[in-house]
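J.: Work the whole structure out from these sequences, hints included.
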Amino acid sequence: MFDRLKGIIKKEFYHIFRDQRTLLILFGIPIVQIVLFGFAISNEIKNVKIAVLDLSKDEHSTQITDKVLSTSYFDLDSYLTTFDEIDDGFQKGRIKAALVFPPKFGETLRKENKADVQIISDATDPNTGTQIGSYLQLQVQQYLMEQELKITSMPPPALINTEVEMRYNPELKSVYMFVPGLITIILMLVCTMMTSIAITREKETGTMEVLLASPMHASIILLGKVIPYLLLSFVNASFIIALGKFIFEVPVMGSYALLIGEIILYCLVVLALGIFVSTVAETQQLALMISLFALFLPTMLLSGFIFPIENMPLPLQIVSKIVPATYFNIIIKSIMLKGATLSFILKETLILVGIFFLLMGVSIKRFKIRLE
Amino acid sequence: MDSEKIIETTKLTKAFGDFKAVNEISFDVKKGEIFGFLGANGAGKSTAMKMLTGLLSPTSGEATVAGFDVFTQQEKIKKNIGYMSQKFSLYDDLSLLENIKFFGGIYGLSKEQLNERGNTMIERLGLSDVRNKLLKEVPLGWKQKIAFSVATLHQPKIVFLDEPTGGVDPITRRQFWEMIYEAADNGTTVFVTTHYMDEAEYCNRISMMVDGRIAGYGSPKELKSDFNSENMDEVFVKIARGENYKLQ
Chain A
1 MFDRLKGIIK KEFYHIFRDQ RTLLILFGIP IVQIVLFGFA ISNEIKNVKI
51 AVLDLSKDEH STQITDKVLS TSYFDLDSYL TTFDEIDDGF QKGRIKAALV
101 FPPKFGETLR KENKADVQII SDATDPNTGT QIGSYLQLQV QQYLMEQELK
151 ITSMPPPALI NTEVEMRYNP ELKSVYMFVP GLITIILMLV CTMMTSIAIT
201 REKETGTMEV LLASPMHASI ILLGKVIPYL LLSFVNASFI IALGKFIFEV
251 PVMGSYALLI GEIILYCLVV LALGIFVSTV AETQQLALMI SLFALFLPTM
301 LLSGFIFPIE NMPLPLQIVS KIVPATYFNI IIKSIMLKGA TLSFILKETL
351 ILVGIFFLLM GVSIKRFKIR LE
Chain B
1 MDSEKIIETT KLTKAFGDFK AVNEISFDVK KGEIFGFLGA NGAGKSTAMK
51 MLTGLLSPTS GEATVAGFDV FTQQEKIKKN IGYMSQKFSL YDDLSLLENI
101 KFFGGIYGLS KEQLNERGNT MIERLGLSDV RNKLLKEVPL GWKQKIAFSV
151 ATLHQPKIVF LDEPTGGVDP ITRRQFWEMI YEAADNGTTV FVTTHYMDEA
201 EYCNRISMMV DGRIAGYGSP KELKSDFNSE NMDEVFVKIA RGENYKLQ
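One line per chain: the protein sequences are A and B, in this order.
Positions 1 to 372 (the working numbering) are the ones given, in order, by the first sequence.
Positions 1 to 248 (the working numbering) are the ones given, in order, by the second sequence.
Hints are computed from structural coordinates only; laboratory data are not their basis.
Below 27 angstroms or equal to it, Euclidean Cα-Cα: the simulated DSSO-like pairs (lysine-lysine) are:
| no. | chain 1 | residue 1 | chain 2 | residue 2 |
| --- | --- | --- | --- | --- |
| 1 | A | LYS203 | B | LYS87 |
| 2 | A | LYS338 | A | LYS173 |
| 3 | A | LYS365 | A | LYS203 |
| 4 | B | LYS136 | A | LYS10 |
| 5 | A | LYS10 | B | LYS87 |
| 6 | B | LYS76 | A | LYS6 |
| 7 | B | LYS20 | A | LYS203 |
| 8 | B | LYS133 | A | LYS6 |
| 9 | B | LYS79 | A | LYS365 |
| 10 | B | LYS79 | A | LYS203 |
| 11 | A | LYS6 | B | LYS136 |
Simulated restraints on C-beta separations:
| no. | chain 1 | residue 1 | chain 2 | residue 2 | range |
| --- | --- | --- | --- | --- | --- |
| 12 | B | GLY67 | A | ARG366 | 27 to 35 angstroms |
| 13 | A | LEU292 | B | GLY141 | 36 to 44 angstroms |
| 14 | A | PHE357 | B | LYS5 | 43 to 51 angstroms |
| 15 | B | SER110 | A | LEU342 | 40 to 48 angstroms |
| 16 | B | SER110 | A | VAL362 | 35 to 43 angstroms |
| 17 | A | SER219 | B | ASP233 | 39 to 47 angstroms |
| 18 | B | SER110 | A | SER219 | 17 to 25 angstroms |
| 19 | B | GLY166 | A | GLY261 | 47 to 55 angstroms |
| 20 | A | PHE27 | B | SER60 | 48 to 56 angstroms |
Sample of chain B residues with no beta-carbon within 10 angstroms of chain A, all distances over it, derived:
| no. | residue |
| --- | --- |
| 21 | GLU4 |
| 22 | ASP18 |
| 23 | LYS20 |
| 24 | GLU33 |
| 25 | ALA40 |
| 26 | GLU112 |
| 27 | GLU116 |
| 28 | ASP129 |
| 29 | GLY141 |
| 30 | ASP169 |
| 31 | ILE171 |
| 32 | PHE176 |
| 33 | ASN204 |
| 34 | SER219 |
| 35 | LYS221 |
For glycine and all other residues, C-beta sits at the position ideal for the given N, C-alpha and C.
T.: Quick look at the structure:
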């Protein structure tokens, strides 16, 4: 029994390591994704090019400019002299924002205890535009607070000081979100897509029939086919966590044992999904289509990996509730970033266990019916 | 069970809803004979064969294969038979030796048995040069012989061949039948489906299925005289037209 299982597993590894496309999907995609998400796709405000149009050139305007440029958020593109140059800078893509001081800025500030600064931000990308705007605003306000007592003889107006702490990700790094998210996505890709294709391929070539005609029980056949992918998924997940930790400095706050346990649970769920797909699809092509469009895209878009679930319209929120990745995304983020223990993610864990048994039950039933 | 009869069915039926793919077929196969199972596509050959190989549960009737009941002892049946599907299903991305080891292994052969029988087989087929080559580099005609040898590696009592000669040239078919004879000479019962009527002549006995029923049954000689025909082609045409439903 065990020898036979070993035989199938060995054979499956031959298939995997002899097919370059499989290898590419297994190991190429995770690397490309993590590099893309880690380096290229970044929500962070860093070294944003800005232009300054200072029509006042007084003590305050220069000090504010200096303060803004002294942060790592903003880099000076140029000092401008006319408004027209601002448009020009935006259109040529040289700058993302402009800071405008009106004439007699400092003087007005001293006399009237208030003055206007204009911040112009490129909102073709609304999120970044808003973010740049508020970062600039923050710099100006901080300057004012520092100067408050110096520039005015009047007592400062009553202030409510809000102190925002960005807990779990103080530097607001987007890799903190991408690394756990990527593990979710890639495990799904490897387990579901690869197993469903591997099983349907045997149906296409007729070898599945030969296997089923052998004295081996159908469950041993299935087990032998999915174990290699389980192992490889695990390698993949470890690889991503290591990359995240050593290159992008994404911490693992919680226990590794719990993390590993949850990763295995999630792998089982998506493997079951892969088996289910293979009972629906007769050909590799169909299996690929179902995996990509019916499973992979919704997982990517609806699991809370990219878009927050709370902001979705109700029907999509309901869909997101049946996507297993939604729960795993919560689990893995909680463990890695918040250091959660099992009791905090018990609900999600139990839901995944439930989904696993449901999918396995349906798949085994369908697998048998298919034989009829 | 008659010790001579290695397969025996009585009114074996498989229904899918209202449709009876196999409708009360009764026949027997004697130990060591080459039994041809003929019929047009969709006549119910594959369904009948799947029931006999334990891939499919019958709806009603009775059948034993190698002395085991097809309803309750499917796992035991599977241990005693070999099966070759119509696609000569081996793994293209595994070498000849790896295929032998894998398929032998799933039938529970030990390492020593695998080595010994595998080597004998490779030598007998004259394939020593390609033993470590991936199967996709091996010509189709060879693959089919390999598939047959692999299906009989565990020395089953009965080997089921599902259209084993589909899509290969006449010379290769001829050579393939020589292998079948050899297996039969060694005491293996061969159960073969085909739609090549000339191949029917090579069988000891045959049954012809039409619309889920057995419409002709006996040795090629008997059938030719029963249907007053020159060759099996003619027999088949007459049977397919519905002339003289002789049996059942």
